[in-house]
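As you go down the protein sequences, you meet chains A and B in turn. The opening residue of the first sequence carries number 1 in the numbering used here; numbering runs sequentially from there. The opening residue of the second sequence carries number 1 in the numbering used here; numbering runs sequentially from there.
Source of the hints: derived by calculation from the structure; they are not laboratory data. Treat each hint with caution, since some may be false.
A pair counts as met if it fits within one copy or between any two copies, since identical chains are not told apart.
Claimed, not checked - With a straight-line cut-off of 27 Å between C-alpha atoms, the simulated DSS-like cross-links for lysine-lysine are: (1) Lys55 to Lys31; (2) Lys123 to Lys112; (3) Lys165 to Lys31; (4) Lys165 to Lys110; (5) Lys371 to Lys55; (6) Lys55 to Lys24; (7) Lys302 to Lys55; (8) Lys259 to Lys112; (9) Lys123 to Lys110; (10) Lys371 to Lys241; (11) Lys225 to Lys112; (12) Lys314 to Lys24; (13) Lys110 to Lys314; (14) Lys24 to Lys259; (15) Lys322 to Lys24; (16) Lys165 to Lys371; (17) Lys225 to Lys110; (18) Lys302 to Lys24; (19) Lys316 to Lys187.
There are 2 protein chains.
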Amino acid sequence: MSLIVMKFGGSSVGTPERMQRVAKRIIESHKAGNRVAVVVSAMGDTTDDLIDQSKLLNPNPPAREMDMLLTTGEQISVALLAMTIHQMGHQAVSLTGWQAGIRTEAVHSKAKITDIRPDRLFKEFDAGNIVIVAGFQGMTEDGDITTLGRGGSDTTAVALAAAVKADVCEIYTDVDGVYSTDPRVVKCARKLNEISYDEMLELAHLGAAVLHPRAVEYAKHNNVKLVVRSSFTQNEGTSVKEEAVMEQGVVVRGIAFDKNVARISILGVQDVPGVLANVFGALANNGIDVDIIVQSGVQDGKADFSFTLSRDDKEKAVSVIKSVREQVPFEEVTSEDNLVKVSIVGAGMVSNPGVAATMFAAISEIGVSIKMVSTSEIKVSCIIAAEPLQDVVRALHTAYGLDTAEQVFVGGPQDRR
Amino acid sequence: MSLIVMKFGGSSVGTPERMQRVAKRIIESHKAGNRVAVVVSAMGDTTDDLIDQSKLLNPNPPAREMDMLLTTGEQISVALLAMTIHQMGHQAVSLTGWQAGIRTEAVHSKAKITDIRPDRLFKEFDAGNIVIVAGFQGMTEDGDITTLGRGGSDTTAVALAAAVKADVCEIYTDVDGVYSTDPRVVKCARKLNEISYDEMLELAHLGAAVLHPRAVEYAKHNNVKLVVRSSFTQNEGTSVKEEAVMEQGVVVRGIAFDKNVARISILGVQDVPGVLANVFGALANNGIDVDIIVQSGVQDGKADFSFTLSRDDKEKAVSVIKSVREQVPFEEVTSEDNLVKVSIVGAGMVSNPGVAATMFAAISEIGVSIKMVSTSEIKVSCIIAAEPLQDVVRALHTAYGLDTAEQVFVGGPQDRR
Chain A
1 MSLIVMKFGG SSVGTPERMQ RVAKRIIESH KAGNRVAVVV SAMGDTTDDL IDQSKLLNPN
61 PPAREMDMLL TTGEQISVAL LAMTIHQMGH QAVSLTGWQA GIRTEAVHSK AKITDIRPDR
121 LFKEFDAGNI VIVAGFQGMT EDGDITTLGR GGSDTTAVAL AAAVKADVCE IYTDVDGVYS
181 TDPRVVKCAR KLNEISYDEM LELAHLGAAV LHPRAVEYAK HNNVKLVVRS SFTQNEGTSV
241 KEEAVMEQGV VVRGIAFDKN VARISILGVQ DVPGVLANVF GALANNGIDV DIIVQSGVQD
301 GKADFSFTLS RDDKEKAVSV IKSVREQVPF EEVTSEDNLV KVSIVGAGMV SNPGVAATMF
361 AAISEIGVSI KMVSTSEIKV SCIIAAEPLQ DVVRALHTAY GLDTAEQVFV GGPQDRR
Chain B
1 MSLIVMKFGG SSVGTPERMQ RVAKRIIESH KAGNRVAVVV SAMGDTTDDL IDQSKLLNPN
61 PPAREMDMLL TTGEQISVAL LAMTIHQMGH QAVSLTGWQA GIRTEAVHSK AKITDIRPDR
121 LFKEFDAGNI VIVAGFQGMT EDGDITTLGR GGSDTTAVAL AAAVKADVCE IYTDVDGVYS
181 TDPRVVKCAR KLNEISYDEM LELAHLGAAV LHPRAVEYAK HNNVKLVVRS SFTQNEGTSV
241 KEEAVMEQGV VVRGIAFDKN VARISILGVQ DVPGVLANVF GALANNGIDV DIIVQSGVQD
301 GKADFSFTLS RDDKEKAVSV IKSVREQVPF EEVTSEDNLV KVSIVGAGMV SNPGVAATMF
361 AAISEIGVSI KMVSTSEIKV SCIIAAEPLQ DVVRALHTAY GLDTAEQVFV GGPQDRR
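Could you put together the complete structure from these sequences and hints?
Shown next, in the form of structure tokens:
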């Protein structure tokens with residue numbers, strides 16, 4: 001008898017028909033002899049509707065009260081899902097985050113889970129119940145309701161799986177699994193059977209939206225076996241685990257891209273100690289996240305920096321930089337925002353020299369120039385002009401032998417949302 | 001400094017404008033130097049919408065899951081009301097039933113409050129917060145969420161007021177207070193300044209919908225001073241307390257009526273011990289509530305009974321009675337459903353003989369015959385034909401001197417819902 005945690009997102013339970021399909025899926029797993037805990041998000045647009053209601057009364061509400069409001073969305077989902085399972089003749093019990101023993105730090109709207117006390121879950125398993133837990137929420141030691149912020153339901157599922165020592169944590173989504181790249185861009189993108197936590201982390205951070213990076217980190221840290229699969233098909237999905245098998249001769253697992261990239265360059269900066277800390281400290285204090293940072297060599301006591309960031313933050317970042325000109329004397333600040341980041345990811349890279357060279361060659365063959373490069377042990381990212389992104393991704397997919405692998409993507413782009 | 005509990009129903013917070021009006025009202029009371037706890041129901045149609053959603057998935061859902069679902073309605077109200085108060089520059093904190101320490105028995109959909117642990121409320125008062133508590137809900141010792149059933153939010157308010165030893169529990173509604181009779185029927189119906197718990201109980205049971213009988217009983221038992229008043233005006237409302245002052249020369253406080261009455265008569269019943277127990281036991285087992293029961297004298301070992309009940313239950317009751325004919329031999333069962341019950345209520349009655357005679361005379365003068373009579377120490381009820389009810393109520397209002405009292409109803413019938 002296995003213990004399985006299943007997680008369904010909001011679009012999987014957005015209509016009565018989808019709710020019923022999810023219920024059937026859960027019952028199948030229960031009938032197969034498993035103990036089953038299910039984590040659910042708020043249905044469809046519930047969260048947005050609640051936010052709209054609150055905006056009419058307070059455009060800037062206290063985070064504590066927002067958490068009180070938004071957690072009702074998941075409570076509605078779990079109650080309705082438990083009722084649906086009852087209607088199909090099986091026993092289920094719904095639990096809020098606090099009822100499921102999920103304790104968090106006392107931070108509203110983005111609390112971290114500190115502890116899970118799974119006694120109630122085991123009591124319900126022993127009574128033969130399927131347990132339906134509200135995702136995205138927990139309770140502080142003082143009895144206040146908190147939310148976990150973005151990716152919260154994925155994190156709830158992984159944390160519960162760790163706490164009850166589940167055999168697997170299945171993340172159900174509206175795609176078949178994790179793909180070698182976005183199938184809307186490359187038709188022959190293929191679903192991966194396996195991927196390592198680290199690769200998944202790079203892909204998740206790089207814009208493949210199937211699984212939140214926080215949940216992947218939590219899974220890696222607690223060695224929870226994850227499977228990403230579709231709520232709508234019986235396909236096997238993608239296993240995410242510590243060591244993922246690579247196919248023969250393939251060093252790159254997947255190709256990710258991020259279309260929301262701007263670059264800022266600060267030219268002719270006086271090279272004195274603390275310069276970088278001054279600039280990036282000021283940006284951080286203004287809530288601006290920076291991605292890739294590149295510093296050229298120092299010449300005549302002056303250096304050039306460039307960094308990338310989200311396009312929305314570009315204007316603000318330029319004014320912040322101008323505001324620190326007294327502490328950080330520089331000659332000029334320039335910016336550019338019609339850029340993308342394309343990345344190759346694969347744990348096999350580390351032992352295969354020349355992987356980056358293949359990337360640079362493939363990109364330059366299309367006549368695209370590379371503006372910035374950043375590397376880690378398992379990825380290489382290039383910043384390039386936004387067009388022709390599609391040609392670049394296709395070329396890389398072919399160059400790394402990803403087109404020809406056995407398991408080819410069968411659905412069309414309309415299967416993804 | 002007083003401690004005040006204010007309770008607002010669902011229609012008082014049904015739109016953003018109403019929510020803001022309620023928030024202003026609460027802030028006024030807080031600024032006057034009071035510690036304020038507020039109990040709120042679910043907004044407008046929220047509860048009905050949730051019930052509709054559940055019906056699509058399970059027409060007969062488990063009560064535990066229904067409680068999980070419906071309690072989100074009040075949680076949404078309290079969060080939004082707290083946000084509205086913040087927007088107006090004052091501190092408020094919302095609490096669910098369980099956060100407010102409301103413990104109930106382990107019965108779903110109609111739990112009774114067993115205990116209130118008000119520590120959290122006092123902590124919030126000490127921090128200068130207005131406390132907004134979700135009505136209608138509590139938690140069992142095992143940590144399950146319950147609802148209190150009909151009138152639950154009134155009961156929450158009164159129980160909280162008792163637990164924190166509030167100076168007064170104000171029930172805000174869409175009418176100005178408790179009236180001498182329904183102002184839609186008698187134009188010069190007047191608002192009462194005071195009424196005793198017992199009188200209010202009789203009026204509440206008899207169809208004056210401003211305050212739930214359970215809440216009145218709880219208030220009487222714990223000696224909580226209640227005030228019923230309007231959310232929409234500054235009028236003083238009606239005080240409900242142990243001893244209410246009667247105006248000079250007035251013995252009847254108010255006139256109530258119930259239009260949903262049917263009568264069943266069982267004729268020629270063998271008068272053997274246990275007959276009543278058999279009949280009314282069978283009705284109770286079928287969930288049928290009986291109101292007035294009248295038994296005529298026994299003649300030749302046979303008796304006639306009559307009783308009244310809700311019109312909806314009439315057909316079912318007749319078949320239940322026929323089904324027990326073997327244990328309870330009788331000659332005939334008859335029924336009639338175009339009836340009403342009209343009642344006079346007043347604590348002064350007990351020391352004033354002739355009060356009932358005035359009622360009978362006033363009714364017979366209009367040419368209406370009385371079919372059944374029931375009396376208690378503080379009320380007389382008559383069952384009469386449904387028409388002309390309005391004339392009967394008006395005649396009684398005049399006969400007992402209620403038309404001429406100082407405080408006359410000023411709004412039209414459109415002020416009531």
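Each hint, compared with the structure:
Within a single copy, lysine 55 and lysine 31 get their C-alpha atoms only as close as 45 Å, which misses the 27 Å cut-off; across copies the closest is 25 Å, which meets it. When the C-alpha separation of lysine 123 and lysine 112 is checked against a cutoff of 27 Å, the pair qualifies both within a copy, at 25 Å, and between copies, at 25 Å. Taking the closest pair of Cα atoms, lysine 165 and lysine 31 come within 27 Å of each other only inside a single copy of the chain (20 Å); across copies the shortest separation is 53 Å, beyond that limit. Taking identical chains as interchangeable, the C-alpha atoms of lysine 165 and lysine 110 lie at most 27 Å apart only when both belong to the same chain, with a minimum of 25 Å there against 37 Å between chains.
When the C-alpha separation of lysine 371 and lysine 55 is checked against a cutoff of 27 Å, the pair qualifies neither within a copy, at 42 Å, nor between copies, at 58 Å. For the homomeric pair lysine 55 and lysine 24, the shortest alpha-carbon distance between copies (18 Å) is at most 27 Å, but the shortest distance inside one copy (37 Å) is not. Neither within a single protomer nor between protomers do lysine 302 and lysine 55 lie at most 27 Å apart by alpha-carbon distance, with minima of 49 Å and 71 Å respectively. Taking the shortest Cα distances, lysine 259 and lysine 112 never come within 27 Å of each other, neither inside one copy (29 Å) nor across copies (57 Å).
Proximity of lysine 123 and lysine 110 under a CA criterion of 27 Å is satisfied inter-copy only: 25 Å between copies versus 29 Å inside one chain copy. Taking the closest pair of Cα atoms, lysine 371 and lysine 241 never come within 27 Å of each other, the shortest separation being 34 Å inside a single copy and 81 Å across copies. In this assembly of identical chains, lysine 225 and lysine 112 lie within 27 Å of each other by CA distance solely inside one copy; the values are 21 Å within and 45 Å between copies. In the homo-oligomer, the alpha carbons of lysine 314 and lysine 24 never lie at most 27 Å apart, since the shortest distance is 47 Å inside one protomer and 42 Å across protomers.
In the homo-oligomer, the alpha carbons of lysine 110 and lysine 314 lie at most 27 Å apart inside one protomer (25 Å), although the nearest pairing across protomers, at 57 Å, exceeds that limit. For the identical chains of this complex, lysine 24 and lysine 259 are neighbours neither inside a copy (38 Å) nor across copies (47 Å), given an alpha-carbon limit of 27 Å. With identical chains, the CA atoms of lysine 322 and lysine 24 are never at most 27 Å apart, being 59 Å at best within one copy and 45 Å at best between copies. When the C-alpha separation of lysine 165 and lysine 371 is checked against a cutoff of 27 Å, the pair qualifies neither within a copy, at 46 Å, nor between copies, at 71 Å.
Taking CA atoms no more than 27 Å apart as the test, lysine 225 paired with lysine 110 passes inside one copy only; the shortest distance there is 24 Å, against 43 Å between copies. In this assembly of identical chains, the alpha carbons of lysine 302 and lysine 24 never lie at most 27 Å apart, being 66 Å within a copy and 61 Å across copies at closest. With identical chains, the CA atoms of lysine 316 and lysine 187 are never at most 27 Å apart, being 38 Å at best within one copy and 66 Å at best between copies.
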